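Colleague: Chain by chain, the residues run as shown.
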Amino acid sequence: MVKPQKFESALKRLEEIVATMESGDLELDKSLALFEEGVKLVRFCSGKLDEAKKKVEILVDKKGTMVAEPFAVDTHSSQDDAE
Amino acid sequence: MKNDGRKIYTVSELNREIRVVMEDTWPDIWLEGEVSNFRAYPSGHWYFSLKDQDAQISAVMFAGVNRLLKFAIEDGGKIIVRGRVSAYAKRGEYQFIALVAEPSGKGALQLAFEQLKAKLDKEGLFDQSRKKPIPMLPQRIGVITSPAGAAIRDILSVISRRFANVSVLLYPVRVQGDEAKYDITAAINYFNKHCPEIDVLLVGRGGGSYEDLWAFNEEIVARAIADSRIPIISCVGHEVDFTIADFVADLRAATPSAAAELVVRNKTELTERVDNLKHSLVRTIRHQLEVYEHVVAHATRSRFLQDPLAVFESRMQDIDTLMHSLSSRAANILESSRHAVSVASEKLHVLSPLSTLQRGYAICWKLPERTIVTDEKCVQRGDEIDVKVARGSFKTRVM
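From first to last, the protein sequence lines are chains A and B. Its first residue numbered 1, the first sequence is counted upward by one per residue in the numbering used here. Its first residue numbered 84, the second sequence is counted upward by one per residue in the numbering used here.
Don't read these hints as lab results, they were simulated from the structure. These numbers come from a predicted model, not from an experiment. Cβ atoms here follow ideal geometry from the backbone N, Cα and C, with glycine treated the same way. Wrong hints could be hidden among the right ones.
Straight line, CA to CA, 25 angstroms or less: simulated DSS-like cross-link-like pairs of lysine-lysine [what the hints assert, rightly or not]:
1. B:Lys276 <-> A:Lys62
2. A:Lys6 <-> A:Lys48
3. A:Lys48 <-> B:Lys361
4. A:Lys6 <-> B:Lys276
5. B:Lys202 <-> B:Lys214
6. A:Lys6 <-> B:Lys214
7. A:Lys6 <-> B:Lys361
8. B:Lys361 <-> A:Lys12
9. A:Lys12 <-> B:Lys215
10. A:Lys30 <-> B:Lys361
11. A:Lys55 <-> B:Lys276
12. A:Lys40 <-> A:Lys6
13. B:Lys205 <-> B:Lys153
14. A:Lys63 <-> B:Lys276
15. B:Lys214 <-> A:Lys12
16. A:Lys48 <-> B:Lys215
17. A:Lys54 <-> B:Lys276
18. A:Lys40 <-> B:Lys361
19. B:Lys161 <-> B:Lys134
20. A:Lys48 <-> A:Lys12
21. A:Lys6 <-> B:Lys215
Have a look at the derived ranges for each label pair, beta carbon to beta carbon [stated by the list, open to error]:
22. B:Asn272 <-> A:Glu51: 22 to 30 angstroms
23. B:His277 <-> A:Glu51: 16 to 24 angstroms
24. B:Pro216 <-> A:Glu51: 16 to 24 angstroms
25. B:His128 <-> A:Glu8: 51 to 59 angstroms
26. A:Met66 <-> B:Ala201: 31 to 39 angstroms
27. A:Asp29 <-> B:Lys214: 40 to 48 angstroms
28. A:Arg13 <-> B:Gln198: 44 to 52 angstroms
Build out the structure end to end from the sequences listed, making use of the hints.
Modeller: In structure tokens form, the structure reads like this:
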């Protein structure tokens, strides 16, 4: 649960940094420090965007324990939800 | 039977017969009335009266059947019941035994829906402040729906179209029928308990009738959604259907496809956003560096930095000039001082007694006091006088 929150807060911080730098009025060493932090955040966010692996699974009850197994939608049966 | 031939009943006999007659006459009827005096006993049996404007009758609905009711019977509620008339032989009271009940004027389901909605709303389960935000970049999505229905098919097709890299875990459930509510609740609890990597849950099903969707109006499902730590998006049926689950969920989607769209941000959208931020970052720092370069270049062009000695040299020259003017002024001052001194000494010389003496004058002192004589009256015959002339001095007596 930590990961998605980190992406969002990283993106938010990155936007904050850009806004601060664009507003001007910063001393050079402060700008450089923010730039460095910004670059790290860009790398982090890009990494997260490329990261997640595609996997579709279904939980199957195996003698009381739920086990995840690969799942593929049966495209030929167009049943509606009827049980 | 007594000897005189009359049939004389005992109370028990009469009551028993009354009961039989009643049960034979009204074995299965529909009765409509307004509920009053409703009491639910610990045994689970319900006792109440049904009345209209002019009359009333006692009624009972036993635990075995009242448990199946979807709506609650309340005082003032108008209902239609199906059952039989019977008598409680022991007390000689007759009553209506209800087997089935429905609200009159409204569907039972509709009433149940309204009652539950009011109850949960009052508890605050629908409050906006309770709703959790849906994560922007979910790592793993949990789905609770039928494995064979349109919902899962639509969800997966949207996800693969918009954000190919996300992971999905499906917990298959029945989505209609009486047992569906238990399946759905178990699924929500399972994800919360065993799947810390799941960021968001999609709970729903495809379109259907009001009865088909009923599981999503059940109280246990609503409470499971409310208690879920994982944010839940409900997606039940079509656009116009609103179930209790929709009110309690953190977000409601009109359809399962819409839910998938909500949950899975367009990857290119997010990638683009990060890219734009990266370019802005680089552009601003470059701009700022250019400005500083300009400032530094300007500074190095200044006279001082290019030829620091030149400044000193000109300063030295200034000092020389000052010194020169200082010394000439000093010389002038000296000159005029000398002049003043010589003028003064000239004057002094003229005024000096010595030059007077040289002109033939003498100074006389009366002895022994040695006072200077300026007046003849100050001396008398015999006084000794010391006389000083230009060269030397001598003593003399006054005659």
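Colleague: So, for every hint listed, does it hold in this structure?
Modeller: How the hints compare with the structure:
| no. | hint | in the structure |
| --- | --- | --- |
| 1 | B:Lys276 <-> A:Lys62 | holds, 18 angstroms |
| 2 | A:Lys6 <-> A:Lys48 | holds, 10 angstroms |
| 3 | A:Lys48 <-> B:Lys361 | holds, 15 angstroms |
| 4 | A:Lys6 <-> B:Lys276 | holds, 22 angstroms |
| 5 | B:Lys202 <-> B:Lys214 | holds, 18 angstroms |
| 6 | A:Lys6 <-> B:Lys214 | holds, 20 angstroms |
| 7 | A:Lys6 <-> B:Lys361 | holds, 18 angstroms |
| 8 | B:Lys361 <-> A:Lys12 | holds, 13 angstroms |
| 9 | A:Lys12 <-> B:Lys215 | holds, 18 angstroms |
| 10 | A:Lys30 <-> B:Lys361 | holds, 18 angstroms |
| 11 | A:Lys55 <-> B:Lys276 | holds, 21 angstroms |
| 12 | A:Lys40 <-> A:Lys6 | holds, 13 angstroms |
| 13 | B:Lys205 <-> B:Lys153 | holds, 20 angstroms |
| 14 | A:Lys63 <-> B:Lys276 | holds, 18 angstroms |
| 15 | B:Lys214 <-> A:Lys12 | holds, 21 angstroms |
| 16 | A:Lys48 <-> B:Lys215 | holds, 22 angstroms |
| 17 | A:Lys54 <-> B:Lys276 | holds, 23 angstroms |
| 18 | A:Lys40 <-> B:Lys361 | holds, 10 angstroms |
| 19 | B:Lys161 <-> B:Lys134 | holds, 9 angstroms |
| 20 | A:Lys48 <-> A:Lys12 | holds, 14 angstroms |
| 21 | A:Lys6 <-> B:Lys215 | holds, 16 angstroms |
| 22 | B:Asn272 <-> A:Glu51: 22 to 30 angstroms | holds, 29 angstroms |
| 23 | B:His277 <-> A:Glu51: 16 to 24 angstroms | holds, 23 angstroms |
| 24 | B:Pro216 <-> A:Glu51: 16 to 24 angstroms | holds, 21 angstroms |
| 25 | B:His128 <-> A:Glu8: 51 to 59 angstroms | holds, 55 angstroms |
| 26 | A:Met66 <-> B:Ala201: 31 to 39 angstroms | holds, 36 angstroms |
| 27 | A:Asp29 <-> B:Lys214: 40 to 48 angstroms | holds, 43 angstroms |
| 28 | A:Arg13 <-> B:Gln198: 44 to 52 angstroms | holds, 47 angstroms |
The structure shown violates none of the earlier numbered hints.
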